[in-house]
Amino acid sequence: MATYEPTWDLDTIFSGGSNSGELQDYIEVTETLLSELGKLVHQFSPPKNPEQTDKLVVILDNLQETAMHLSEFGAFVSCLSAQNIEDKAAGTLVTKRSELEAQYGNVMTELDQKFIQIDAHVWEGILKDSSLNNLAFVLRERREKVKDKLDLKQEALINDLAVDGYHAWGQMYDTVVGKVKIEMNGEALSVGQAANKLSTSDRGKRKEVFDKLQQAWGEQSDLFSETLNHLSGFRLQTYKHRGWDDVLKEPLEYNRMSEKTLTAMWETISKYKGHYQKFLQRKADLLGLEQLSMYDVGAPIGESEQKMDYNEGAQFIIEQFEKFSPNLAEFTRMAFEKQWIEAEDRPGKRPGGFCTSFPHSEQTRIFMTYSGSPSNVATLAHELGHAYHQHVMNELPIMNQGYAMNVAETASTFAEMIVADAAVKNASNETEKIALLEDKVQRGVAFFMNIHSRFLFETRFYEERKQGTVSTERLNEMMVEAQREAYVDSLDEYDPTFWASKLHFHITDVPFYNFPYTFGYLFSLGVYAKALEEGSYFEDKYIALLQDTGRMTVEDLAKKHLNVNLEGAEFWEYALNLCIADVEEFLELTS
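Oh and the sequence shown: position 304 is 304 in this note's numbering, straight run, nothing missing.
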């Protein structure tokens, strides 16, 4: 069996880490490209007829080269700051990244403003040009969005002020989290390491970890309420000046998704929550409890918790991917061999997991903390799905690689389901099958209850924030209220500081970093069902679907590749019935 190292290799991108000379040279090239792009855009005059496309083609070519460099640099900085939270040089690079992104944003704002100066008839004629037609969707989208924004000077000012007045609050959150330590048995653990211990079968230890995490988040909650209130306040002020009343406008547009689709999804999920209430009560019975607490929701059932070391997990994932997609399996094997994955369980790392892309190098990197649980194996498969998604996008223009978060979760969740299903089917006995099936059903609890609570909390928080700063105490109250509603009062103890511990509330890229996960999970079920029906014939169709994720709305994507309507309940009911089948099997096996 092949042996894989659980640490990533960043030197193949830029050698020398945060003090890399190669990196500094690359940053200088990026700055030059950005400056040249700015000059081209500033000198650009909106064409008067459809034949005048030469200058626009040059601008878009330069734009894509600049964007590629910015993404490469930005991804490297993300890796540096995640692998070692004490790396001060990486912190300086994070600030540099924000400055360059703001500069790029200003250039794009100026270009967008010039797009709307082009006569509609001329614009459509331009998009029919053979050199621009493949970018038509993205260009139309940019032109439409700019109509809802302020003029060039005001938008440029917002971009510039955002570096220290908006993104800095997200960076402050990361800095504070990096310093949080949890004392366990004389050992100082990062929050990521401590959170992994919540999956133990010993309830006393789970309770101890949960209480210590609550204490740690509580001690820092005043700082976190500052970061959350200020970055949300910046957003709301920006919306106010643009004349946007609906806080969902930005996340829905970002995800290329209609509000009808979002409403249909949550309403259908709410109808099916009774099945998950039964599951949570059965789990409480199996654990000898009257009701589960929040720290029991992810607990394993029984003492026989299955473990796979990193190499065993890697082999299992590759073997299961091979059955569905030889291309996916081959890519995954390469990712392990080339050390594209940082999975070592060690202190000093940031909590959580992510996959980031290097479009210039045509590589990806995966970050997580792996301790061998079935959940860890599933997370690793999930992130490899993200990596494969980017891999099949590499052949497209970078402007068409900009797929949103909701469809970004399609490939990842698809990969995760392959592994989760295989684990259940390959169980050696009924006890193991129950444990693995429970882990699979647990994903439904996460997507339909936990993430729903995040959506409810964030929606209500933004409404209250419009009236002024929201206190730490009120944030705790709102979090528990949202959890009670989302979990349909199925638990006896909730997590009041979850708003502080969850990075997604403090991310400045886009608000509502929650519902896209649920969308991606259910949408990928439809894709998975197709794959089961068609077997190996589906691989080419699957790649075609992934390659379309950056150049159409989710409604059009679903219609084209799955022939379904996302704005109605039928598709969501179909997907949820697949989930409920697992719940029913679990209830039957444990009756």
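A couple of the hints might just be wrong.
Stated by the list, open to error - Computed cross-link-like contacts, DSS-like style, restricted to lysine-lysine with a CA-CA straight-line distance of at most 25 Å:
#  : residue 1 : residue 2
1  : K323      : K541
2  : K96       : K39
3  : K149      : K48
4  : K88       : K39
5  : K147      : K273
6  : K39       : K249
7  : K114      : K205
8  : K55       : K179
9  : K205      : K39
10 : K559      : K541
11 : K541      : K197
12 : K114      : K128
13 : K260      : K273
14 : K147      : K323
15 : K179      : K205
16 : K55       : K39
17 : K179      : K48
18 : K55       : K153
Quick caveat, the hints were computed from the structure, so don't treat them as lab data.
Source: prediction; values computed, not measured.
Right, here's what the structure says about each hint:
1. K323 - K541: 16 Å, holds
2. K96 - K39: 21 Å, holds
3. K149 - K48: 24 Å, holds
4. K88 - K39: Measuring from Cα to Cα gives roughly 34 Å; hence the hint is violated.
5. K147 - K273: 40 Å, violated
6. K39 - K249: Violated, at roughly 32 Å.
7. K114 - K205: Violated: K114 and K205 sit about 60 Å apart, past 25 Å.
8. K55 - K179: 50 Å, violated
9. K205 - K39: 60 Å, violated
10. K559 - K541: It holds: about 14 Å lies between the C-alpha atoms, which stays within 25 Å.
11. K541 - K197: Cα-Cα ~40 Å, so violated.
12. K114 - K128: This hinted pair holds, its Cα atoms lying about 19 Å apart.
13. K260 - K273: Holds: K260 and K273 sit about 20 Å apart, inside 25 Å.
14. K147 - K323: 48 Å, violated
15. K179 - K205: At roughly 23 Å apart (the allowed maximum being 25 Å), K205 and K179 satisfy the hint.
16. K55 - K39: Given that 25 Å is the threshold and the Cα spacing comes to 12 Å, the pair holds.
17. K179 - K48: Violated. K179 to K48 sits at ~57 Å, over the 25 Å cutoff.
18. K55 - K153: 23 Å, holds
Hints 4, 5, 6, 7, 8, 9, 11, 14, 17 from the earlier list are contradicted by this structure; the remaining hints agree with it.
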